[in-house]
Amino acid sequence: MEVLLCFVELDASYAGNENGRLARIGIPEQGLRSPPKQRGAMNHFVESEAARAEHAARWLEANTPPHFLADGAQFREPGLDEVRQWERALYEAGLAAVSWPVEYGGQGGTMLGHLAVSKEIGRRALPESVNSIGKEIVGAILLGLGNEVQKCTYLPRIARMDDIWSQAFSEPQAGSDLAAVTTTARADGADWRISGQKIWTSYADRASFCLLLARTGDPVQRYKNLTLIIVPLDAPGITVRPIRQIDGSAEFNEVFFDDVVVPMSGTVGEIGRGWQGAMSVLTVERATNRMYRGWRFENEVRHLYAVAGHDGVDFQRKIAGFAIDARIVQRYAEEIAARVCDDRPLETLGNLMKLHWSEAHQRFASFAIETLGSERPGEPATVATARRRFEAIYWRSRSETLIAGTSEVQRSIIADRELRLARAA
Amino acid sequence: MTSPGHLTDELAEVSRSAAAVAAACEGLDARAVLALFAQAGLLGAGAPGSCGGLDLPLEFDAAIIDAIAPKLLDDPVLDAMLAARYCPDVDVARALVDGRVLVASSFDGALTATAAGADVIVTGTARDVAHGVSADFLLAPVDLDGRELLAVIDLGDKVTRRPVLDGLDPERRAAHIVVKGQTLPPHRVADAAADWRGDGLLLSARWLLAHASLCLGMTADFVSSRQQFGQPLSVFQSVRFALASAAEELRSLDLLASPAGPRADRCAAYCYAAQIVPPVIERCMHLHGGMGYTEEVPLHAHLRRARARILAISTEPAFAEIVDAMIAH
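Listed in order, the protein sequences are those of chains A and B.
Heads up: the first sequence runs through residues 1 to 425, numbered per my numbering.
Heads up: the second sequence runs through residues 1001 to 1329, numbered per my numbering.
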């Protein structure tokens, strides 16, 4: 809550200002405008979000299984069911779906409330969510584009971890060039008949549903005739093939659709306007998904510093540099949350944050494994634990400049929208 | 610059006022520049009312720095605004606000003090002080038995100046200042060194950001208009990506160096600025091709200023503070 607290302090610092003094440097006689009308609301946010953060900290302190913490002596990789139960417990404690409306199973809080909880989660070396796509991407799309039946049906189940979701957008020939999607959905009475292939479909092997981006009309118009459709993954004609990744896990999948029939009532938003929906997903994904990342990054830097046993100037500089990178990611998250709450445009903040985080985190992961080196006889158990953690982070980090738009995609967007560089005629 | 919404209009006013004064300063020396800024009421933006200042928050100093960077006037103005905000001696602070004195600053903390009754006696060498050749006073931290105080040192008393041959930025007229046992009365020292340094680091980060942003803007315009192989340079992906990376770094710095941000971010803001700003400007020079290597394009002047300031304010203590504050506890 540093940002808002600072705003309050700033207002207080103005209490003694007199208008005449401002006129001396060219500011009109009426001086500073009155503080904004929402000031009371901002104070309310500070109080309520501080309370939310305190509740989160206390609950996590009391309820986190010791073997969940990757920087702890008792760490043991939790299984899927354990993490699922854990996430359900988080929800029941009011620490998930924080910003969703109460009527759809949420806590009725704000994005700043979500951030307050995310900070506390990020500060601890907890396992990654097994349903972040459901909670942070599909949930956001359904809230924005879904109809009332879809919201009431699916959102509470996502929040409670009854259903895990995946996102079926990318295809073998439609990665960064997402508008090249060829998986088709053909109208057949009250149903869609779907054929094609998706890839990089995270969690499809364990998910109940996927949100599919399919072509529902003429492919010549690349950005038109794309539609978002809810597809139950147990529907006949679907084959899921897990792809083993370099970090040893198999979260990614290929999903094959062979004349799969699903009801048209599962269409999210307007038929043929799925591209706009997909873009809103990516905006959300880059800007608000996993808002805890900056605090988790800081947790990792602290962990490495604690076990590395170095105190040379060069090591300190590098560690401080990574602490700065973590702080930058945190500042982006704080700015994004504040803008969402104030209903101000996010512009390219999501792209900037994603680019900074993924590139810096990758550098950090390489530095961590180089610092810890290989196993040495008689080394403390804490070092061995850290090495396991950072090796896993290192492998996983290789995906971070690819997921949710590669670094090259982010730079292209920044060049266009931030710098407005001239393009080819 | 990120700023609370209700300040935007006032900051814009101050910014316009500073830009107008800066435009009138071309060709003037540091003292004349300070006099013009004082006349416009800008040097005392953050100084206490008791010194004739306006007691405004740091956002206003930052807005002034953003506005004057294009004219390369910033060194004396930045240091004067910061000194006016913290100067323990009310008379010197008043003279600063009125533009009657030139006060240099040293951040390196190499001066020591011993107690002599209520007074302190200061000795040591402040290295590479911008405008140290001609300044009237030096604002610097002094170590008194492990306690850091902020001191105002009279450069006309028991002081030797050794001009620095500054190949990076000759206009700074820097000097090493050797202080040989100058006695300071109580009103010349204050327990404000940490806050002064923190604000100084933040303003320096914004100062570096302003220079780099200007260079990036110039370069974006240049590559969008310069035609090679029958199309603008900006069409080429290597050019677009190089500038997009620079834009990302500067936006990150903008967020980190927000005057409204937590004080704990100030060391981080300066260290990050010191790390990214010279390479950003160098990249801009490179993308200007041969013209970037000439004095006809002013990029070199911004790089000189940036490099010289970073050399004068070491990042080592700030890095150590970041580890202590953010990581080690």
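Hints listed in this document are in silico derivations from the structure and should not be mistaken for laboratory results.
Incorrect hints may appear among the rest.
Computed, partial: chain B to chain A, Cβ under 8 Å [what the hints assert, rightly or not]:
| id | residue |
| --- | --- |
| 1 | 1183 |
| 2 | 1195 |
| 3 | 1229 |
| 4 | 1232 |
| 5 | 1247 |
Note that the coordinates shown come from a computational prediction; the quantities given were computed from them, not determined experimentally.
Glycine is no exception: its CB is placed at the ideal position from the N, C-alpha and C atoms.
Does residue 1229 (chain B) pass the interface hint, meaning its C-beta sits closer than 8 Å to a C-beta of chain A?
Not OK, violated: residue 1229 (chain B) not within 8 Å of chain A, min 11 Å.
May I ask you to test the interface hint for residue 1195 (chain B) with respect to chain A, counting a Cβ-Cβ separation under 8 Å as satisfied?
Cβ of residue 1195 (chain B) sits 14 Å from chain A, so the hint is violated.
Status of the hint placing residue 1232 (chain B) at chain A (closest C-beta pair under 8 Å)
holds, 5 Å
Are residue 1183 (chain B) and chain A close enough, Cβ to Cβ, to be under 8 Å, as the hint says?
violated, 35 Å
Hint residue 1247 (chain B) vs chain A: min CB-CB distance below 8 Å?
holds, 5 Å
Against the hints set out earlier in the document, violations occur for numbers 1, 2, 3.
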